[in-house]
Amino acid sequence: MAITEKPAEGPAIPTRRVITTEPRLSDKVFRGIVTAGGLSSLIILGLIAIFLAYQGYEILVKEGTSFFTSSTWEVITDDVGEVQSYDFGLAAMLVGTVLCALIAVIVAVPVAVASALFMTFYAQGKIKAFLIAVIDLMAAFPSILFGFWGFFILMPKVEYWSLLINKYLGWIPIFSVDAKIFTRSPFLAGLVLAVMIIPITTAVAREVFDQTPLDRIQAAYALGATKWAMIRAVALPYGRGGVVGGAMLGLGRAMGETVAVYTVLNIVYQINWQVLFGAGGNVASLILLKFGEAKPLEIKGLMAAGLALFLLTLLVNLLADFIVARTGKKGR
Amino acid sequence: MSETKVSRSVPKPSKPWQPSAAERAQSLSVGVLAALASVGLVALTPMKGFLPTVIFFGIFAVLIGFAKGTFTRGSTTGKNNAIGILLGLGTCVALIPIASILETTISRGYKGLHRGLFTKDMSMNTAIDPITEGGLLHALLGSLIMVSIALVIAMPLGILTAIYLTEIKGRFSRPVRFLVQAMSGVPSIVAGLFIMSAIIYPITKSFNGLMGALALSILMIPTIARTAEEVLLLIPNDLREAGVALGGTQWRTVAMVVVPAARSGLITAMILGIARVIGETAPILLVTGGGDAINVNPVEGPMGSLPFYIWKSFFFGTEEATTRGWAGLLVLLVFVLILFTLARTLSRRKVRR
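Listed in order, the protein sequences are those of chains V and A. The numbering of the first sequence is the numbering used here, which starts it at 1 and goes up by one. The numbering of the second sequence is the numbering used here, which starts it at 1001 and goes up by one.
Rather than coming from a laboratory, the hints here were simulated on the basis of the structure. Hints may be right or wrong, so weigh each one.
[What the hints assert, rightly or not] Dumping the calculated PhoX-like pairs for lysine-lysine here, alpha-carbon to alpha-carbon at most 25 Å: (1) A/K1015 / V/K126; (2) V/K157 / V/K167; (3) V/K227 / A/K1079; (4) V/K62 / V/K290; (5) A/K1079 / V/K128.
Treat the numbers as computed from the prediction; the structure is a model and nothing was measured.
Bound conformation, chain V alone (with noise of 0.2 Å):
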C-alpha cells in the first residue's frame, strides 16, 4: 500500500533560525548605492579643487606669492602671438571682492534684521504669508536680473546718491575720492548684491526668531515687558548667532557673485579703496572678463584665480554653516 511511505525517523527537525541584524543582500545593495550617491557632493567638491588646482598649479608656483600680492594682470605677447611675459596677481581683485561683499553685508544686514523681526513678531495671518512669499520669491530671481536691473534703474540713482554723500562726508577717508567719477563704483555694486542677499539673510534669521522659546517670549510678557522689551530681552539674544550665520552666508554669496557684478562695476587692476570712484576688482568678474580673448596660459591664471574664489567662499560657507548651527542647540 502506498500509506506506508512514511518517513522513515519521524518528524523532520527544522534547521535553527538564524537571528540577525546583518541586513539581506537588496538592503546592502540599497545601502550601499544611497550612501554613493550621497558622498556625491563630497566627490564633487573633491574633484573641483582638484582639476583646478591641476590646471592652475604652474602658474601657482611660478607667481608665488606675488599671485596675492600683487594688482597687475596682463599677458605681453609680441606680434607673432608668442608670450613674452606675463604677470598675474590677483591683490586687487580680492581686496575688491572683500570690499563690494563688506559693503553688501553692512547695508543688507539692518534690513533683513529688520524684516525677519517684523514677519516674526509683528505681522500676522495674510500679511506675514505674502511677505515670506515675497521675501522668498526674491530669493529665486535669477542674478542677470539684479545685473541690469541695477544697471538701468540704479546706477543713475546711486551716481547721484554718491555725489551727495562726498559732498557732506568726502571728509571720511573711504568716502573720498581723487577725482568726481562715480560711475560703476564698489558702492553700486555692494548696493546690488545688497539687494540679492536679503532674502536669504532675512530667510535665516525669521528661522532662527521663529524658534525662540514660547516660554521665554510670554515670560518676558508677563514681567510686562513691551514687545520691544521682549525682542531686546529674548529673541535678539537668541537669534544673534543666527543673524550672524545669516550674514555671513550672504557675505559668500556676494564674494562669488559674477554676473550682476561685472554689469555695474568698472574693473581696474589697482587696489582702491574709495568705494564711491569707479574702479574696482572682483575676482569672478575678473574670470569672466578675461576668458573670451584668454590664451591657454591665462587661462591657467583663471583657473588659479578661480581655485583662489572657491576655496575662499568655502571657508566663509563653512564658517556661517558652524555658526548657525551652533546656535539652535545652545540654550541661552
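Please arrange chain A on chain V, whose structure you already have, making use of the hints.
Chain A in isolation, oriented as in the chain V frame:
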C-alpha cells in the same frame, strides 16, 4: 408637535487684543501726519525729489509714533512704538527693490513681445534689427534641453543624498549635510570653470549644450538635496515602522512607502532646482558657446540659451537690442514666477494632507 424655536444668533466673540476703531484711526493719523510733515518740509526747503520725501517720512513717522506713545503711556511705550514703526519701514525697504525689478521688467519687456518671438531664431538677424524680426526660440529650446539634462543628472544624486541623510543616517551624515551646504555656496562661475578644466580642455575641446547642462547640474544638486531632505523629514516615522513591521526590507520600505508619500514634496524639490538654474548665466557664458541658430543636439555645436540671449542683446547697446534683452528677461521672469507658484501650491497641498 410644535418645533421649538432655537435662537440662532451667536454672540459675537469679543477680541480684546485687536485694535479698536479709535486705535486704528490713531495709528493711521500718525502715518498721515508724517506724510504731511515730510511733504511740507521738502516743499519748503531747497531739497526736491522723491527720495528725501521718503527718508523724512520715515524719520517723522518714528518721531510722531514715539511722541504719541510717550504722551499717552510714557516713554517705554514711546520707544516700543518707534521701534515697531522702524521695523515696518525696514521691511518696506526690503520690498522696494523687488517691486522696482518687477515693474521695470514688465514695463520694458512687454514692448519687445511680438508674435515671432517664440517661433523664430536669430540665425538670420542680429540684435540691432527691428524688434519684430527674429526671436528667441533657439534660446528657449536650448535652455529647456540643458535644464532637462541637468535635471536627469542632479535629481537622482540629490534625492539619494536626501535619502542618505534621512533614512540611512550613516556615519557621514554630519559631514554630508555640511558639504551639501557648502556646495550650495559654490560660485556659479566656479562650476563653469570646473567643467572647463575637467572636461573641455583635457577631453572634448568643444563648447556645447551638454557641458552647460553638467555645470548646471552641479548647482542644482544642493538645492534638490536640501529641499528633499526637509520633505523626507516631514514623513511620519509611523509609516516607516509600518513598512518594516509588514516584513518589508529597508529598500522596499523606502521605495514603496516613504518616497511615494513624499512625492509632491520631491516634485517641489525638482521645481526649485529648475528655478535655481534656469537663469544661471556665468557658467553658460563660459561653456556653451551660445549659438544664434536652433540647435537641438546637446553634444555638437554651440547651443543658445535664454541667459546668453539676454546677455548678448544688452551688449549691443542700441535701443532695439536693449528692448530685446528686456523681453528676454521678461520671459525668464515669467518662467521663474510660474515655477515658484507651482512649488508653493504643491508644498501647501502636502501640508494639508
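Against the structure, the hints:
This hinted pair checks out: A/K1015 and V/K126 have alpha carbons roughly 18 Å apart, not beyond 25 Å. Between V/K157 and V/K167 the CA atoms are separated by roughly 15 Å; this keeps the pair inside 25 Å, and the hint holds. Between V/K227 and A/K1079, the direct Cα distance comes to roughly 10 Å. Compliance with the 25 Å bound is thereby established for this hinted pair. Distance hint between V/K62 and V/K290 is fulfilled; the C-alpha atoms sit about 20 Å from each other, no more than 25 Å.
Simply put, A/K1079 and V/K128 have alpha-carbon atoms about 23 Å apart, close enough for the 25 Å limit, and the pair holds.
This entry satisfies every hint, going by the numbered hints stated previously.
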